[in-house]
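Chain residues, written in single-letter form:
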Amino acid sequence: MSQATVNTNTKIKMTNISKIFETEELETHALRSIDLEINAGDYVSISGPSGCGKSTLLSILGLLDMPSDGEFYIEGVNVTDLSLDEAAEIRNSKIGFIFQSFNLIDELSVFDNVALPLRYSKEKMSEQAIKTRVNECLALVAMSHRVSHKPNQLSGGQQQRIAIARALVANPAILLVDEPTGNLDSKSGDQVMDVLEKLNENGTTICMVTHDPRYADMARTQLKLLDGAILTTPDIVERVKAAV
Amino acid sequence: MMWHPLYLFKHAYLSLRKVPYFVISIVSSIGVTMGALLAVLTLAYLMMFKPLAYPDSDRLMKINYQRFNANSVLQTESFIYPAAELLYKSQQANKIMSDMAMLFYTEEVIVSEAMQPKFSTTYITNNWFELLAIPMALGDYPLRLDEAESYVPGAIISYKNWQSYFSGRKDILSQHIVINGISHPIIGITAENFIEPQLYKTGRDTQVWLPWKYNNSDFKEVWNFIDNQIVLVGKLHQDMTSQQAALLLAPEANEAFIKHSDIEGFYKNWNVNFHLVAIKTELSAGSINTVYVLVAGVLGLLLITATNVANLFLARIASQRKNLAISASLGAKKSQLKALVFSEALLLMIASMIFALFIAKLGLGIMQYYFSENLARVNELQLSYITFVSGVVVSFILACIFTQLSVKTIDYFSLNASLQTSGKGTATQVAIKSRVWLICSQISIAMLLVFSSGLLLQDAIRQLKQPLGFNSAQLMSIEFAIATLDWQGWSRYAPKVRELEQKLLLLPQIEDVSFSRTPLDDTLQYPLTDVKSNHKYYSLFRNVDHHYFNVLQQEILQGDGFTELDVKQQTQVLIVNQAFASILSADGNAVLGRKLLFDDKPHTVIGIVANLALPTQRNPPARFYITNFGTATFMMVKLKKNQELSREQMIKTLFEVDKQFALSKFEHMSKSIKVATFEHTLTASIAIFLAFITIFIASIGLYGILSYCIQMRRFELGTRMAIGAKGKDLFKLVLQENIKTICIGIVVSMIAFSLLAIVFSDFISLYLTLQIIPVFLVTLGLISIMSFTACYLPLKPMIKHPVIYALKGND
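Top to bottom, those sequences are chains B and V. Heads up: the first sequence begins at 1 in the numbering used here, then just goes up one per residue. Heads up: the second sequence begins at 1 in the numbering used here, then just goes up one per residue.
Source of the hints: derived by calculation from the structure; they are not laboratory data. This structure is a prediction, so every number in the text was calculated from the model and none was measured. Every residue gets a Cβ at the ideal spot worked out from N, C-alpha and C, and that includes glycine. Please note that a few of the clues may not be correct.
Quick partial rundown of chain V residues pointing at chain B, CB under 10 Å, derived from the structure [as the list claims (entries may be wrong)]:
id	residue
1	L639
2	F715
3	G724
4	G727
5	L756
Please model the complete structure; the sequences and the hints are all you need to start from.
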């Protein structure tokens, strides 16, 4: 993991990232020359039509998948060519995931679900420290009263709030959010979005994939993807805003 | 079009190409077990149903000559020589049966051949060939082989013997062979396709048929002893039952027996009866139970394998759930999804069947090679339509079962695909319960079988490695026959044998000669009585000369061996082995010098020799040695270091001494030991094979179960990886979840073994020594490696790929 000479404020920096899926018959260019920089405290939304590469970009951002080309830094650390175990360490310490389908583990209680990232952490924490941190995060999403429940005893909105607490628990550099309201009714969806907005206001960096324009607008930086390329760069948006 | 069988098979083929390990696991495990089943079914059909290839074979009966004592208890079923001839003559006169043939089975040395080979010979009345309508490759049979009464020489040779010994020479019918001083012209060769009914001994094929009258039975006029080399076969009249024929044959035979036997003494109130058994039944009688056990065994094996493979199918379906759910959502009916799954299962079973046919062919070959003396009719074994039909039926049934099991889970997966994370607690619970049961059963069965195989293997190796108590290096066991029908008594031959001894000792290769039987022949027992205490012993004994202990290098622990004088003067002395000495010394008195009555004459114990550890005996038995007359037709020859004695030289030496001395056995001791230890070698091989196959099948089973469970939890494990779990964390997780079950399986197997050890204590206690600990540890190690591998392999594709592979939920 090499250090790059980047702004210490920069959480994510992608240069010329592309992703090609190859099968026996054809090559699909899912992402083409993506350049992207996300700074501390940003709230970025990525939207676009189906198949434009949103999920692929989020997977690469979250080190769930590897780019075919380009360079990628998280908090100045080059993460382009990590081994699978190194990638797991970075995911654990620097990235918080929030999935559309919550991805909570049914066999574990709410507490254990939230504590899970701490248990996989390289730095071993005491049980007391884990308990304190988990309770803090559950308080942030207003779910302290459901500590002992199992996920399938909760509503969809509640489950997603637990998922947010889990994503926050290891103090990640960035929260990667994949269609957070896709499996929720509008009321629950709004509640979840409120939570995210408050987190961002308190300094959490968020990058969210959504195709709901209403929620995309809540982000301060909106990226539009089409055929694997970014249509609008943050600079352009800024310039447009300044010009108006 | 989409559901056309060709489309389905193509789809199945393409889909299976992506999962080579899945295909290899199934085809190899089902192939091996189905192959074993097909081989055994072919054997069972042959023994139980396939008619013999002789005309009216259901009317061909083996005639058993039964004698019952005064209490009507059956004493013997073997013929007395003159009684057999009498029955045959009576048949010629009265035609009680449609036809009858007499056979006398033996082995003889062909002195006319340079190498003096020993052939399996059968003396027959000429109608034997007519009775079986034996096809001939060359020559003819009825023309020269004459009736029971006449002396007309002639020999018919088996096709195999013609090919192997006479190299298929074309002028064979102009050749003669000399047996027992009689020159027999070769008058015919049986056809290649002729299969002889092995009525005398399973695995014994005749190499030369000769006229009845030339047989050299020792009991030709003797009514007191049975001659178990005689077999009579009769053919029933069309409308007669075997019981009717037996009743008609009995009166004359009974009358003759009473006339010729001591009916006032030992044979008072005895009577003779006949028992006619269809030769087809007779041939299979000794093997039917073995076949039942084999069928049950391989069916059990197939059942275990099928259970394991069913798990692989479930894992496979689990990995395909999204595709199937998509097909279902696009309107595919359940029957159509079933057709997809069935085509894949059928394709796999067809591939397994093809592999199984190879295995079956191999299995039949192994049976013919190794068990020709244990299983009846194996010489007729070959792949038949029964093998193919059984293969097709078994494959179809298995494909249906696997499809049915897999299809049952499709609904659940369709539902599951849409409700990816929540609300699926119940189904997962069910999976956990069955997983625990399946893993536990796999581990306990595997542990039990591997542990038992380990004990068998260890014991077999111990027996094989055990020192014999004599030096077999450069030692040969040699026997000769006196090839004559005109026996002149031993006193005529003894001086010649002494001459032979001198001639042999003059050969530069030979160090020493002892006229004694090989120590591996160990059957003679004789009563001894302690002169002082009158205590009686019934111990093994051996007649030896004064060279015996020296030639064998069997250690004399106390006292002396026999001297030349002892042998010459037949001094009344004997030598006991260590085992016998410890029995004798139990009364506290000295063993040496003790007097024991042998054949009513007091013999003095002059020495104690070391025990022999013969391959057929687990513990050395008590044995004593007495002197023989210093000559015999059998001898042990010790060769000098790095020297060889050729068969030709031995034949020449024998011939120089007496033209009637025909070499009948010429074997290195090391070869005899190999033959004698074959049982242990076979046990060791079977134990290794059993352990291997158990580990293989159990590994597939465990892999199948864990693979299924891991497929079910793919999203969960993917999520764990997404939030930072590494490969080793997942491995630890899966291992932790299963270690308790694995331990329970191990404990269950040990409890089962203990119960077996209690129930079969007589048998199992032989194997229970301190050595059980390393066997247990090795078994534990193997089972642990197997379990760890079975936990790791299903995880491997997940932890060796980017996380998205697991999270996407499809290949």
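Evaluation of the provided hints:
1. L639: For L639 of chain V, the interface hint is violated, since the closest Cβ of chain B sits about 68 Å away, which is over 10 Å.
2. F715: holds, 7 Å
3. G724: Check passed: Cβ of G724 of chain V comes within 2 Å of chain B, closer than 10 Å.
4. G727: This interface hint holds because 7 Å falls under the 10 Å limit.
5. L756: It is violated, given that the least Cβ distance between L756 of chain V and chain B is near 38 Å, above 10 Å.
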